[in-house]
Amino acid sequence: MRESAGMKTFRIVTVTVLSVFVVVPLYVMITSAVKPLGDVQGQFTWWPSNFTLQPFVDIWKTVPLGSYFVNSLIVSTAASVLSVIVAIFASYAVSRWRFRGRGAFTTTILSTQMFPGVLFLLPLYLIFININQTFGIQLVGSRLGLVITYLTFTLPFSVWMLSGYFDNIPRELDEAAKVDGASAMVTLFRVVLPVARPGVIAVLVYSFMTAWGEVLFASVLTTESSRTLAVGLGEYSTEVNVYWNQIMAASLVVSVPIVVGFLLLQRNFVAGLSAGAVK
Amino acid sequence: MVLELFIHVAPMVVGIWMSFIKLTQLYIANWSAAPFLGFGNYSVALDFNAAQGSSLLRSFFTTCIFTIFVVGISWVLGMAAAVALQRSFWGRGFLRTLFLIPYAVPMYAGIIAWKFMFQQQTGAINFILSSLHLVGPDTKPFWLIGSNALVSVIVVAIWRMWPFAFLMLMAGLQSVSEDLYEASALDGARPFRQWRSITLPSLGQVNTVLLLVMFLWTFNDFNTPFILFGGNQPPAGDLISMHIYNASFVNLSFGFGSAMSVLLLLFLLIVTGIYLFITNRRSKDA
Numbered sequence: 001m002r003e004s005a006g007m008k009t010f011r012i013v014t015v016t017v018l019s020v021f022v023v024v025p026l027y028v029m030i031t032s033a034v035k036p037l038g039d040v041q042g043q044f045t046w047w048p049s050n051f052t053l054q055p056f057v058d059i060w061k062t063v064p065l066g067s068y069f070v071n072s073l074i075v076s077t078a079a080s081v082l083s084v085i086v087a088i089f090a091s092y093a094v095s096r097w098r099f100r101g102r103g104a105f106t107t108t109i110l111s112t113q114m115f116p117g118v119l120f121l122l123p124l125y126l127i128f129i130n131i132n133q134t135f136g137i138q139l140v141g142s143r144l145g146l147v148i149t150y151l152t153f154t155l156p157f158s159v160w161m162l163s164g165y166f167d168n169i170p171r172e173l174d175e176a177a178k179v180d181g182a183s184a185m186v187t188l189f190r191v192v193l194p195v196a197r198p199g200v201i202a203v204l205v206y207s208f209m210t211a212w213g214e215v216l217f218a219s220v221l222t223t224e225s226s227r228t229l230a231v232g233l234g235e236y237s238t239e240v241n242v243y244w245n246q247i248m249a250a251s252l253v254v255s256v257p258i259v260v261g262f263l264l265l266q267r268n269f270v271a272g273l274s275a276g277a278v279k
Numbered sequence: 280m281v282l283e284l285f286i287h288v289a290p291m292v293v294g295i296w297m298s299f300i301k302l303t304q305l306y307i308a309n310w311s312a313a314p315f316l317g318f319g320n321y322s323v324a325l326d327f328n329a330a331q332g333s334s335l336l337r338s339f340f341t342t343c344i345f346t347i348f349v350v351g352i353s354w355v356l357g358m359a360a361a362v363a364l365q366r367s368f369w370g371r372g373f374l375r376t377l378f379l380i381p382y383a384v385p386m387y388a389g390i391i392a393w394k395f396m397f398q399q400q401t402g403a404i405n406f407i408l409s410s411l412h413l414v415g416p417d418t419k420p421f422w423l424i425g426s427n428a429l430v431s432v433i434v435v436a437i438w439r440m441w442p443f444a445f446l447m448l449m450a451g452l453q454s455v456s457e458d459l460y461e462a463s464a465l466d467g468a469r470p471f472r473q474w475r476s477i478t479l480p481s482l483g484q485v486n487t488v489l490l491l492v493m494f495l496w497t498f499n500d501f502n503t504p505f506i507l508f509g510g511n512q513p514p515a516g517d518l519i520s521m522h523i524y525n526a527s528f529v530n531l532s533f534g535f536g537s538a539m540s541v542l543l544l545l546f547l548l549i550v551t552g553i554y555l556f557i558t559n560r561r562s563k564d565a
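Residue numbers (our numbering), protein chains in the order written: chain A, 1 to 279; chain B, 280 to 565.
Mixed in with the good hints, there may be bad ones.
Said to hold, decoys possible - Per label pair, the in silico range of CB-to-CB distance:
no.	chain 1	residue 1	chain 2	residue 2	range
1	B	Ile553	A	Leu144	35 to 45 angstroms
2	A	Lys178	B	Asp466	43 to 53 angstroms
3	A	Val220	B	Arg469	47 to 57 angstroms
4	B	Arg560	A	Arg190	35 to 45 angstroms
5	B	Arg366	A	Ile129	49 to 59 angstroms
6	A	Asn130	B	Ser426	21 to 31 angstroms
7	B	Leu459	A	Thr9	31 to 41 angstroms
8	B	Gly552	A	Ser49	49 to 59 angstroms
9	A	Val256	B	Glu461	18 to 28 angstroms
10	B	Arg337	A	Ile12	38 to 48 angstroms
It is worth saying that the hints were derived from the structure and are not from the lab. Just so you know, these numbers come straight off a predicted model, no measurement behind them. Think of the CB as a built atom: it goes at the ideal place given N, C-alpha and C, for glycine as much as any other residue.
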């Protein structure tokens, strides 16, 4: 089918405007990361004329970025893996069994997106302190506390996304497995999950990204030893000096793994998302 | 499910309980001993003639403006991009990947890059504006303090939000059959007409969810103003989440902060309820 001239103009204009909008901050981030400190504190320039890789060396010394990296990695991995496991069971139940309040479930899940994070922050903090006093489990300032907190953020959306995906998998598949004598567990893990792989990956990516970038709870619930990257990045602006070039370099180091991972898995993400949303 | 319930409901109940008591730093260690205030915190929050009430009201309206612009523009940009990339052409895959990057970049990194660009003396934004002769060299505007702050925070929020709209709409468009466009083109339909009669109706479901989720995320947005302004936001950028955070953690009146969050929650519940009611009825009529 031929394309009209108007459509072509629209496409070119849209693509150009959006590309500029997207690229400029990224470009500034990358070029500023290879400028010496004096240059980022002076007049802005498009081109890094005094090219240096020093900021990438310094970032590890100014702030203990390495240990924050490890913290973020542990917390995000734990949160996303747990989230996927719980979401698989919950979504399978929602998608395959009719139970009372099933319709209300979807609405409830959507409405959890409504709660202001601030509303949770302080109660959660107090609960964590009380748990510590009662059971002696240290949650404030520990990675475990952060993992639990992130689970509460990611689970609703994950269950919603995954149950939409499960709904698209024909029930005949389950029934055929049942006829062959497979239990519900075996059916889920051997038959349904392999088909639902894009959905599972979508949930994994989503939870990992959420945990990796979260700032508000991480800034309150962590201490020096359990601090995550997102909070640690704030430490480059001290009273004395704002190390803009190091901030940009560190932001790049933090972003690159997650962006590359996301882009590699984007097809799965789109598939999982559309199944959940179009439902 | 039980775990899920526990994790979500317990903090909420405690939060609502806190809104009824006079919880200040005196009682934080032994918070069950704090005096019971009834609706005292609420009457302060809703007394719009007094200082605290009127600043809450102003913050609320600021957030409304913020939300309308961010959700509206993000949706338009996402839709434009999804339609522009609907047909395959050379470089489509690359552009799609490029457009998704702001969504994939960790929140902190993206927003801090904007903060750098918004610096008054050394930032890229003022550099671009003055090289386009939109501002003079001596009249560089401030972006992070003063009345421009709202513009800045809106731009940054859109930068982060629109790829999500694009992603959802693109996913939704995949289920629209090419034949419909072919047939309507034979009938002489112009592209805009095709968009109105084919594209938009088939995205009905997606739009319902997308607009709701974007509205809720934007209204509750904390990260963008927090990272952009670093805790001391100017009045023009005083979004409601920041407002509550400051009342609770800077002024340490936790009970008052909780009362405000409960009010915010009630507002969002009502809006969402009305919205779902209307969209449900419309989809049943159709």
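Verification of the hints:
The hint said 35 to 45 angstroms for the Cβ distance between Ile553(B) and Leu144(A), and at roughly 40 angstroms that hint holds. The beta-carbon spacing between Lys178(A) and Asp466(B), approximately 49 angstroms, falls within the hinted interval of 43 to 53 angstroms. Taking 47 to 57 angstroms as the suggested C-beta distance range, the pair Val220(A) and Arg469(B) conforms, at roughly 54 angstroms. Between Arg560(B) and Arg190(A), the C-beta spacing of about 43 angstroms keeps the proposed range 35 to 45 angstroms intact.
Our hint of 49 to 59 angstroms for Arg366(B) and Ile129(A) holds, since their Cβ atoms are close to 57 angstroms apart. In this structure the hint that Asn130(A) and Ser426(B) lie 21 to 31 angstroms apart at CB is violated, the actual value being about 44 angstroms. Taking 31 to 41 angstroms as the suggested C-beta distance range, the pair Leu459(B) and Thr9(A) does not conform, at roughly 23 angstroms. In this structure, Gly552(B) and Ser49(A) meet the distance hint of 49 to 59 angstroms, their C-beta atoms being roughly 58 angstroms apart.
Judged by the Cβ atoms, the range 18 to 28 angstroms given for Val256(A) and Glu461(B) is violated: they are separated by roughly 42 angstroms. Between Arg337(B) and Ile12(A) the C-beta distance comes to about 42 angstroms, which sits within the given range of 38 to 48 angstroms.
When held up to the earlier numbered hints, the structure conflicts with 6, 7 and 9 and fits the remainder.
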